[in-house]
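Chains as they are written, first to last, in my numbering: chain A, 1 to 158; chain B, 1 to 421.
Fair warning: there could be bad hints in the mix.
Claimed, not checked - Okay, the calculated beta carbon distance ranges per label pair:
hint	chain 1	residue 1	chain 2	residue 2	range
1	B	Arg156	A	Glu79	36 to 46 Å
2	A	Ala45	B	Asp49	32 to 42 Å
3	B	Ala174	A	Arg149	30 to 40 Å
4	A	Tyr78	B	Arg330	14 to 24 Å
5	B	Val375	A	Leu86	29 to 39 Å
6	A	Arg149	B	Asp49	28 to 38 Å
7	B	Val375	A	Arg149	13 to 23 Å
8	A	Gln80	B	Ala174	45 to 55 Å
The hints are simulated quantities; they were obtained by calculation from the structure and are not laboratory data.
Think of the CB as a built atom: it goes at the ideal place given N, C-alpha and C, for glycine as much as any other residue.
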Amino acid sequence: MTEIDSLFRRVGSFHARYARVIDDEGAQGWPELFAPECLYVVTTAANHRAGMEAGLIYADSRGMLEDRITALNEANIYEQHVYRHLIGQPSISVEADGAITSEASFLVARIMRTGETEVFATGRYLDRFVECGTDLLLRERIVVCDSNRIDTLLALPL
Amino acid sequence: MAVVEKELGMASLNGPAQWAPDQLTRIPYWLFQREDVYAREQQRIFKGDSWSYLCLEAEVPEIGDFVATRVGDQPVLVTRGHDDQIYAFENRCAHRGALLALVDRGNAKDFTCVYHAWTYSLEGDLTGVAFEGGVSGVGGMPESFCKTAHSPRKLRVTNLHGLIFGSFSNDVPAIEEYLGEEVLTRIERVLGGRKPVVIGRFTQMLPNNWKLYFENVKDSYHASILHLFFTTFELNRLSQKGGIIVSPDGGNHVSYSAIDPDAERDQHYADQNLRSESAYQLKDPSLLEGFDDFGDGVTLQILSVFPGFVLQQIQNSLAVRQILPTGTNRTELNWTYLGFDTDTPEQRRVRLKQANLIGPAGFVSMEDGCVGGFVQRGIAGAQEAASVMEMGGHDALSSASRVTEASIRGFWKAYRREMAL
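Please work from the sequences and hints to get the whole structure.
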């Protein structure tokens, strides 16, 4: 197996794990997919293109990601719903400094308590990984939503 | 003919519509449901004697810059003209009604309708009609056709500390008078002498009537009850010093509070056995580390202008919100997150982190995205029932207490006046 095939498998495997953790495990383990020092931003294509820095969610530490999950479970009020993530094949690069970066499409369906299933968001994950033993962790994930519209609210992370 | 007159007439609504005169403490639910009410709002409020927020001056800095927005249902273009002044006019070709601008923002020399190439200046004047003189002297517009008589309708425009408001009314008072002295002062507090910088834009689609969101904005009673995040971290406790300001005409309001670090933690919340009291701790408290933007210790100021504008300061998180009705049970809420051109990198980072508090995913605002929908669905089939709003009494006056619904009653006072209901 070539090195790029191996990388492809590792990043693909990471995405599969991410989807499982965030959709099927109540996102409890979601922060652990990130490095302690990390950046996670949810933004839109229009903001990203315009170089605007603010996000719908902006976290620059794993602690902030943990706080978001705690807030969703303990503080915030929203109608019960779940997501189903479909993550496309990643396009992977290795930067000059050795960092693994990848871009992958995503589609998130939202399934409401009342049964409605709708496409909630589509977009791209712009990722930068760090290696932790044999695992990959996200140093940075910029979630670029294609649409500038969010229906009702964005509670669970993308 | 009588039926048509009745449908188009603005004098009365169709069907039973009970609402006791001058009643501000009972709001009947049919107001949030009926198409004829919606149509009347479009005519009497959004095209009536009101000022609608259009955009920021900072979004049209150069000659030819434009922003496409709406006033109620009406598409509107805001431009910076050749004379460096800001203009606003209907985003609709005078010929056959097509949109003139098909993007939300940009820079143009002029606006040419894609359908038949009628052209408009940056100032909104019709300047060209394709084949106006026909081809080889045949066809074309009649000689009696006068381009100056066929421009899109222009709005009155006013620039208040970089906020651009527009109105279709010639009668609406100047913005300063419309806001009232105290509300005006509170806009100056945030924007006076400063240059805002847009750091992000997001649109949230709310599953409810626009008035339910505007009620929510003016509802200082709910903030510390529905939003646990606020309360636990002492961003906004009802017992903190603060208050509400309601403009004399009722339509505009400010709710504000300042943290009083010496105040003893009170028992009010625990006594009420509210969900808000908890031992909830942040892993990364840097989220709430900020600086005193305005040098007055006020950490929260929510300000609204009738019928659809909000200026928000929650600590260092600054934003304007534009509330656009989109049918009886849908509302577009446009968030524009702001910094200032004088921000240091550290200050900007604080704003980026505190932006987690606001917007569609905001720790202290996400509930507002769904609670209006809970009401809209809850009142289905209850047209003749009404909400009860007696917290703080029956009037619509400024108050040192935030445990009041006075500013919501103020909204309904202005609404009843403008709607003649």
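Taking 29 to 39 Å as the hint, is the beta-carbon distance of Val375 of chain B and Leu86 of chain A inside that range? 34 Å, holds
Measuring from beta carbon to beta carbon, are Ala174 of chain B and Arg149 of chain A in 30 to 40 Å? Because 35 Å falls inside the window, the suggested range holds.
Status of the given 36 to 46 Å range, CB of Glu79 of chain A versus CB of Arg156 of chain B: Hint holds: Cβ distance 42 Å, inside 36 to 46 Å.
Supplied distance hint 13 to 23 Å, evaluated on CB atoms of Val375 of chain B and Arg149 of chain A: 21 Å, holds
Given the range 45 to 55 Å, decide if the beta-carbon distance of Gln80 of chain A to Ala174 of chain B lies inside it. 49 Å, holds
Quick check: does the Cβ-Cβ distance between Tyr78 of chain A and Arg330 of chain B fall within 14 to 24 Å? 18 Å, holds
May I ask you to test the hint 28 to 38 Å on the CB atoms belonging to Arg149 of chain A and Asp49 of chain B? Given about 31 Å between the Cβ atoms, the range holds.
Given the hint of 32 to 42 Å, is the C-beta distance from Ala45 of chain A to Asp49 of chain B inside that range or not? 39 Å, holds
In terms of the numbered hints stated before, the structure departs from none.
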